[in-house]
Amino acid sequence: MNLFTQIVVTIGRVNPDGVQMLGTGFLISNDGKIVTTKHVVGIDNARLVMLAPHIADINQYQDTADNRCHPIAISVIDIDPLKDLCIVKADIRFEGVLPTLGSFDEINVGEKIGIFGFPHCVEGRRVLTFQETEIGAKILLESQGIKSKHAVINTQARPGQSGSLIFSPRINKIVGVLLGAYASQSGVIIAGINPNELNQTTQCISAEYINEML
Amino acid sequence: MSNLEEISLDEWLSVLKPYQINSIKTLINIHGEDKAAEIWISANGPSNIAQFGGIHQSTQPFFDNFKTEFKKFICGHPDYDSYRIQLNSESKVINTIYVSVISAAIGATLGFAAALLAPAVAILLSAVGKMGIKAYCTGFNTDPPVIIKRDE
Numbered sequence: 001m002n003l004f005t006q007i008v009v010t011i012g013r014v015n016p017d018g019v020q021m022l023g024t025g026f027l028i029s030n031d032g033k034i035v036t037t038k039h040v041v042g043i044d045n046a047r048l049v050m051l052a053p054h055i056a057d058i059n060q061y062q063d064t065a066d067n068r069c070h071p072i073a074i075s076v077i078d079i080d081p082l083k084d085l086c087i088v089k090a091d092i093r094f095e096g097v098l099p100t101l102g103s104f105d106e107i108n109v110g111e112k113i114g115i116f117g118f119p120h121c122v123e124g125r126r127v128l129t130f131q132e133t134e135i136g137a138k139i140l141l142e143s144q145g146i147k148s149k150h151a152v153i154n155t156q157a158r159p160g161q162s163g164s165l166i167f168s169p170r171i172n173k174i175v176g177v178l179l180g181a182y183a184s185q186s187g188v189i190i191a192g193i194n195p196n197e198l199n200q201t202t203q204c205i206s207a208e209y210i211n212e213m214l
Numbered sequence: 001m002s003n004l005e006e007i008s009l010d011e012w013l014s015v016l017k018p019y020q021i022n023s024i025k026t027l028i029n030i031h032g033e034d035k036a037a038e039i040w041i042s043a044n045g046p047s048n049i050a051q052f053g054g055i056h057q058s059t060q061p062f063f064d065n066f067k068t069e070f071k072k073f074i075c076g077h078p079d080y081d082s083y084r085i086q087l088n089s090e091s092k093v094i095n096t097i098y099v100s101v102i103s104a105a106i107g108a109t110l111g112f113a114a115a116l117l118a119p120a121v122a123i124l125l126s127a128v129g130k131m132g133i134k135a136y137c138t139g140f141n142t143d144p145p146v147i148i149k150r151d152e
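Protein chains in written order, with the working numbering: chain A, 1 to 214; chain B, 1 to 152.
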């Protein structure tokens, strides 16, 4: 479990006031390649950073009042805008053994999966959080006429969790990347929130597509 | 840059990763070449997903800016002189170098990743080759805009 404290990171952008956290990413190669989503990085390639891990033990109390961080510059090396995936690279070297990439093909509906990410980091709160849930459905989602494999996971996600790692403890592989919640347009926004996004059908894309980008 | 017309769309696309080639060919089949380039640059994943990260921005102005910069590059605007000198030093058009240099140059101007631009650059280079540079650049003015001075 503690491995994930070292490979799941916050993605952010340096601005004059400090680092604005944008979402989650995770390390997939020993030479510093990190997966996140395209929408986390956005269309501006400038001043992107990852924040170096701030805890070594998942059971450690994370001090939410401590806003110090160690930003490391990252650059975008590939983007798949149709699948909303992005690979960035940091000039770092990870010396441990990384989990391999799998696919939703390898797990079944009803199986347990773990999620590691930073909910609420876009609001300035940096807490590496583990959640456990099940695969609720396997679905094909279309983007501009191109379909790709996704899964619905039975939990509610919040801003900051895009790019979170979805892990299968049974096969010991990363099987997906969290994208967001299913939400049709309600036409109503309350305190910046579309009420339709408040549900337990979080959408994740299969990790197999990452391999194509490496 | 005079013999772009000798390179086919498939040859331009061959410089891309296999997943990009598959996606771009599907987009071209559904939407046509120009629209495929626009969709690739502007797409943001499947619809009906509330995305939980980043800052939501419209990508439409970015595509328009991309097309403007691409035209400036092809049609001899001085902003891209150094890159064109680099390309003209090649004895013939080498598609891999053209796509990577033009993507990097426009990416540096617009502040976005060359990796995103490369498929759109490949499609537009094919279109320029079919049309011919002279026809593509008709009406394009490389002079900087004249600033109208107003009285204080």
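Heads up, a few of these hints could be off.
The list that follows gives simulated cross-link-like pairs (lysine-lysine, BS3-like), each with its CA atoms no further than 25 Å apart [stated by the list, open to error]:
1) A:89 <-> B:17
2) A:147 <-> B:17
3) B:25 <-> A:147
Calculated directly from the structure, the hints in this document are not laboratory data.
Checklist line | Ascending list of hint numbers which this structure does not respect | finding: Violated hints: none; all satisfied.
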